[in-house]
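> Here is how the chains run, residue by residue.
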Amino acid sequence: MTHAHASRRASAPALRFLLQVLLIAALASLPWFAEKYYVQFVARIMIMGILAMSLDLLLGYTGLVSFGHAAFYGVAAYVLAMLTPAYQAAGFWTSFPIAVIGAATSALIIGFFVVRTHGIYFIMVTLAFAQMLFFLFHDTRLAGGNDGIYIDVRPDARILGWKPFNLERYDHVYLLVLVLFVLVWLFLRVLLRSRFGHVLAGIRVNEHRMRSLGFETFRYKLACFTIAGALAGIAGYLSAVQFGVVNPEFMGWHQSAAVMMMVILGGMGTLAGPVLGAAAWMLLELGFQSLPVAGSIDLGKHWQLWMGGFIVLTALLLPSGLLGAWSSLARQVSARRGAGPQTTANPMASAGKGRPLDRQP
Amino acid sequence: MNSASTRAVVVAPAGHSAPALETRSLTRRFGGLTAVNGVSIRVESGTVHAVIGPNGAGKSTLVNLLSGDLAPSHGEIILEGTDITRLGPPQRSLRGLGRSYQKTNVFLPLSVFENARLAAQSRAGSSLRFFRPVLREGAINRQADEAIEAAGLSARRDRIVATLSHGEQRQVEIAMALATAPRVLLLDEPLAGMGAEESSGIVRLLSRLRERHAILLVEHDMDAVFSLADTLTVMVNGTVLETGSPASIRASAAVQAAYLGSEDTHHD
Ligand SMILES: Nc1ncnc2c1ncn2[C@@H]1O[C@H](COP(=O)(O)OP(=O)(O)OP(=O)(O)O)[C@@H](O)[C@H]1O
Ligand SMILES: [Mg+2]
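First to last, the protein sequences are chains H and P. Residue numbering for the first sequence is 1 to 361, as defined by this note's numbering. Residue numbering for the second sequence is 362 to 629, as defined by this note's numbering.
Hints may contain errors.
[What the hints assert, rightly or not] Here chain H is said to cover these stretches of chain P; the calculated rule only asks that three of the stretch's residues, wherever they fall, bring their Cβ under 8 Å from a Cβ of chain H:
hint: 1; segment: 441-452
hint: 2; segment: 468-478
hint: 3; segment: 485-498
hint: 4; segment: 592-599
Quick caveat, the hints were computed from the structure, so don't treat them as lab data. Cβ atoms here follow ideal geometry from the backbone N, Cα and C, with glycine treated the same way.
Just chain P, same shape as in the assembly (with noise of 0.2 Å):
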C-alpha cells in the first residue's frame, strides 16, 4: 500500500502545453521478461490514442502502470503536468485518472446500478458517513442512472451482474469508469466480448467522450481502433515500435512487417 504521505511533484506548469498523461522511458520488469521497455508517450485532451500490438506485447501492462496497479521498475508518468509515478491507485484516480479492465473487474453480486453507484460514490467526497442512507443521496445515484444510461445499460439497471452476458458485464465496467468522471480515460479492450450492436454503441459513445476526455484506448478490433484513434501507437514486446497519425500507421512497412500483416490472428 502507498503510504498517504507521499506527495506528487508539479513538474511542469499545467497549461496546455503540458498533455493530460505522459509517460517517461516507462519500464516494467517481470524477472527476467521486460514487459514494458522505456515506453514514452503522450495523449493529448480531446483525442483518442490507440495502443495497439500482438498478444503479450505489453499493453495491459502499461495501462496496469499507468493506473497505479504495478509500480514501475523505472520511469515517470506525469498526469495532468504532475508526476504521480508514487501515487497509488486511489490517488490516481481521485486525481481524474479512470480505467476499465481487460478481463472483468466489477462486483459481480450486486446490482448493475450498485456497481455504477460505488463508483459516482467514490467522487463525492469522503465516505466515513455513518447515518444518511445513500439511497437519499440524489446526486450520487443519478451520476450513477447517467453513467449507466451512456453504457447502454439502462434496460439492465436493476439486474445482479453475475447474472449478465458476457458482453453486458464489459458494458459495466465502461459505466463504472464513466461514473466516476475521470478526465483520462484509460480503456483495456472495451469491445472484446462484445457483440457487434453493442460494440458499435461503445464506439459512438467513445467518439462522443473524446471532445472533452483524452482516452487511451487498448483495442484489437482494428475498424473500431481506426475509425476512432487520432494517434496509434504500436507496440511490439515492450518496446514502442512507432507512434503516429492512422494514415501513417498504416503506411508503415515496419509495423506492417511486425504486426498488422497478421492482424486476424492476433484476435483473443
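Same shape as in the complex, but just chain H (with noise of 0.2 Å):
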C-alpha cells in the first residue's frame, strides 16, 4: 500500500465526521432562516428517519423482516394522548420514559411470539399483531376509536420551575427532534459494533451456525426486536408531539409499509440509507401530490399511482438503493481517478453489506 494510499484512508474517517458536524449544525440553524412549514417538513423527516432507523435495525441488520412495526410507533403515540388530561399538558420528562417503555414492552411482548417464527411466517405473524392492535384502538372507545384522540396541550418540559424548552413552540418540538435523532443515530452506530452488534450480523448471515456456535439466538433477536419497538416509540411519541393527534392510522399497516419502503429506497443494512429513503420518500410524496391537473386528470390526487412507479423503478435500476447506487458511482469514479484496487475486494460491499462489523454501520 503506498503511503498516499494509506493518508487517504486515514483522513476519510476524518472527513465524514467533519461533514456530520456540519450537517448536524446545518439543521440546528433552520429554525433561525426557514418559515415554519419548512420546518415542520424536516422535523417529519428526522421523525421518519428515527423510525426507519429503527426498523433497518431489525429488516438490514439482523433479517427480520417485521411488517408490523408501525405498531411500536402507533402505542408510544397513544400513551402520551392517554396521558394527556383534556385541556393540560403532561408531564414530558414522565410521560416521554412510559411512552418509550410503553413501546417496548409491547415489543417484548409481541416479540416473544413472533421472534419464533421465520422467513414469511415472521412477515405474517408481525402484521397479525400489529392489526390487532390497529383494531383494538380503532373499534374500541378506549382511545376516541376510529377518530382517534387530540392531544389539546402538548408536553410541558419543565423540571423544578425550570422550562428548558417549550413544545407549543414549532421550533422547538424540532430542536429536541434533531436532538433525539442523532442521539439514536449514535446509539445504533455504537450498538453494532458491539458484542450484540455482531451477534445481530451472524444471525442474519447464518443463524444455524450461530446456534451451533453456542448463541441462544431467541434471546438475542427478541433483545433486537424490543429495542427496535423502544426506538419506533421515540418516533412515535415526536410524532404525537408534533401533530397534536393520534389516531389508529399511525399503527395501520400502510404506516408499517411505509416504513419498509423507505428502509428499501434508501438501502439496507446502513443507518443513512433509511434516513435517506425517509427524506426521498416524503420529498416525493409531496412532490407527486403537489402535480397539476392534465386535462381531466388530477395527477396530484393520484400520487400513490406515481410513487408505486418509482419503487417499481427504484426496485429494479438500484437494487442497492439510492445509497448503493450512490457508493458505487463513488467507488467508479475513484477508481476512474486512479485510486488503486482495494485491498480486500469485497463483491458484496454495496450498501454496507460485508463492510467490516468493527467499521459497521
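Given two chains presented individually in distinct reference frames, assemble the corresponding complex, making use of the accompanying hints.
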C-alpha cells in the first residue's frame, strides 16, 4: 500500500466526521432562517428517519422482516395521548419515558411470540399482531376509536420550575426532534459495533451456525425486537407531539409498509440509507401530491400511483437502494481517478453489506 | 427450539472413568429409513475416534445427533457424564462440544477473522453487551487470531470468506470450531475438498489437538484416518459394523467385505 493511499484512507473518517458535524449544525440552524412549514417538514423527515433506522435494525442488520413495525410507533403515540389530560399538559419527563417503555414492553411481548418464527411466517405474524393492535384502537372506545384522540396541550418540559424548552413552539419541537435523532443515530452506531451488534450480523448471515456456536439466538432476536420497538416509540411520541392528534392510522399497515419502503428505497443495512429513504419518500410524496391537473385527470390526487411507479423503478434499477447507488458511483469515480484496487475486494460491499463489522454501519 | 428450562441430568460421576462422549443405542429415523440404528460408541478424551463407512452410512446423521442439529428417535447422548440428549445445539456447544460441518457452513459475507471472532465471542459470556466495541475486546480478538493461526489461515485473515477457495473455506470451518475452545470436537469430513498441503497441515493440527481433546473424526481419506485414529468405528446402513483399533479393523474380514475392499469408489 502506498503512503498516499494509506493517508487517504486515514483521512476519510475524519472527513466524514467533519461533514456530519456540519450537517448537524446546518440542521440546527434551520429554524432561524426557514419558515415554519419547512421546519416542520424537516422535523417529520427526521421522525420518519428515526422510525426507519429502528426498522432497519431488524430488517437490514438482523434479517428480520417485520411488517408490523408501526405498531410500536403507534403505541407510544397513544400512550402520550392517554397520559394527556383534557386541556392540560402531560409532563414531558414522565410521559416520554413511559411512552418509550410502553412501546418497548409491547415489542417484548409481541416479540416473545413472533421471534420464534422464520421467513414468511415472521412477516405474517408481525403483520397480524400489528393489525390486532390497530383494531383494538380502531374498534373500541379506548382512545377515541376511529377518529383518534387529540392532544390539546403539548407536554410540559418543566423540571423544578425551570423550563428548558417549550413544546408549544414548533421550533422547539424541531430542536427536540433533532437532538433525539442524533442520539438515536449515535446509539445505533455504538450498538452495531458492540458484541450485540456482531451477534445480530451473525444471525442475519447464518442463524443456524450461530446456534451451533453456542448463541441462544432467540434471546438476541428478542432483545433486538424490543430495542427496535423502543426506538420506534421515540418516533411515535415525537409524531404525536408534532401533530397534536393520534389516530389508528399511526399503527396501520400502510404506515408499516411506508417505513419498510423508506428503508429499502434508501438502502438496507446502513443507517444513512433509511434516513435518505425517509427524506426521499417524503419529498416525493410532497412532489407528487402537488402535481397539476392535466386535462380531466388530477395527477396530484393519484400521487400513490406515481409513488408506486417510482418504487418499482428503484427496485429494478437500484437494487441496493439510493445509498448503494451513490456509493457504487463514488467507487467508480475514485477507480477512474486511479485510486487503485481495494486490498480486500469485497463483492458484497454495496450498501454496507460485508463491510467490516468493526466499522459498521 | 429447545426450551431453556430443560435440565441436563447427571447420570454418572464425572470421574476419569466416564468417557468424554458416549451414545447409548442412538437411533434416528427419517420416515421409513433408519439413518442411524442403535449406535453405541464411546469417545475417550485424548484420543481420535474415527467413524468411517460408505456414502449414506449415517455418519453425518450421527454427528448431527451429537451436536443437537437433529433430535434422536431414541437413545441417549452423554457428554462427560451428563445426559445432554434433550439440550439444544447452543447449550451443547457451551458445554464444550464443538463441531465442523461436511457442507461448509460459515459466514460467507464476513471476513475470516470475523468468522473466527464470532466463534470466540460465544465463549466470552453473554453478548447482551451493547456499548463496548468488540474491536477493543482483547481476549476475544486474540482467541480468534490463535484459531486462525492454528488452522493455517493467517495469510487470509482479512479476506471475505466468500472469495476464498473451497479448501480455504474448509479451513475456516476448522478455525471456527477451534475458536470455541471445545473439549470434544466433532469433525465431519474436515479434509474433503482440501489440497494435499492444507490437508497435511490439518492432520498435523489434529494430532497436536488430540492430547487435550476428544475428537470424533468422520473422514473418507483413509491415509489420514489410519495415521490419526486411536479407535475406528465402521458404520454401514446406519449400524455399527465393528469398533476397534486400526490394526484390528484393517484385519477384519467383515469390514474388508463391506467397506475397505471397495474403498476408492466411495470418495465424494
Ligand atoms: N434430513 C434428512 N431427511 C431424510 N433423509 C436423510 C436426511 N439426512 C440424511 N438422510 C438419509 O440418511 C442416510 C444417511 O445419510 P448421512 O448423510 O448421514 O450419510 P453419510 O454417512 O454422512 O454419507 P456421506 O459419506 O455421503 O457424507 C442417507 O440415506 C440419507 O439420504
Ligand atoms: Mg456425511
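> Three or more residues of the segment 592-599 of chain P near chain H by CB distance under 8 Å?
Since three or more residues must qualify, the claim that chain H covers the segment 592-599 of chain P is violated, with 0 doing so at under 8 Å.
> Does the segment 485-498 of chain P contain three or more residues whose Cβ lies closer than 8 Å to a Cβ of chain H?
Per the Cβ count (11), the hint holds.
> At least three residues with a C-beta closer than 8 Å to a C-beta of chain H: is that true for the segment 468-478 of chain P?
Holds: 7 residues of the segment 468-478 of chain P have a Cβ under 8 Å from chain H.
> Has the segment 441-452 of chain P got at least three residues whose CB is nearer than 8 Å to a CB belonging to chain H?
That given contact holds, which follows from 4 residues of the segment 441-452 of chain P lying within Cβ reach (below 8 Å) of chain H.
Against the hints set out earlier in the document, a violation occurs for number 4 only.
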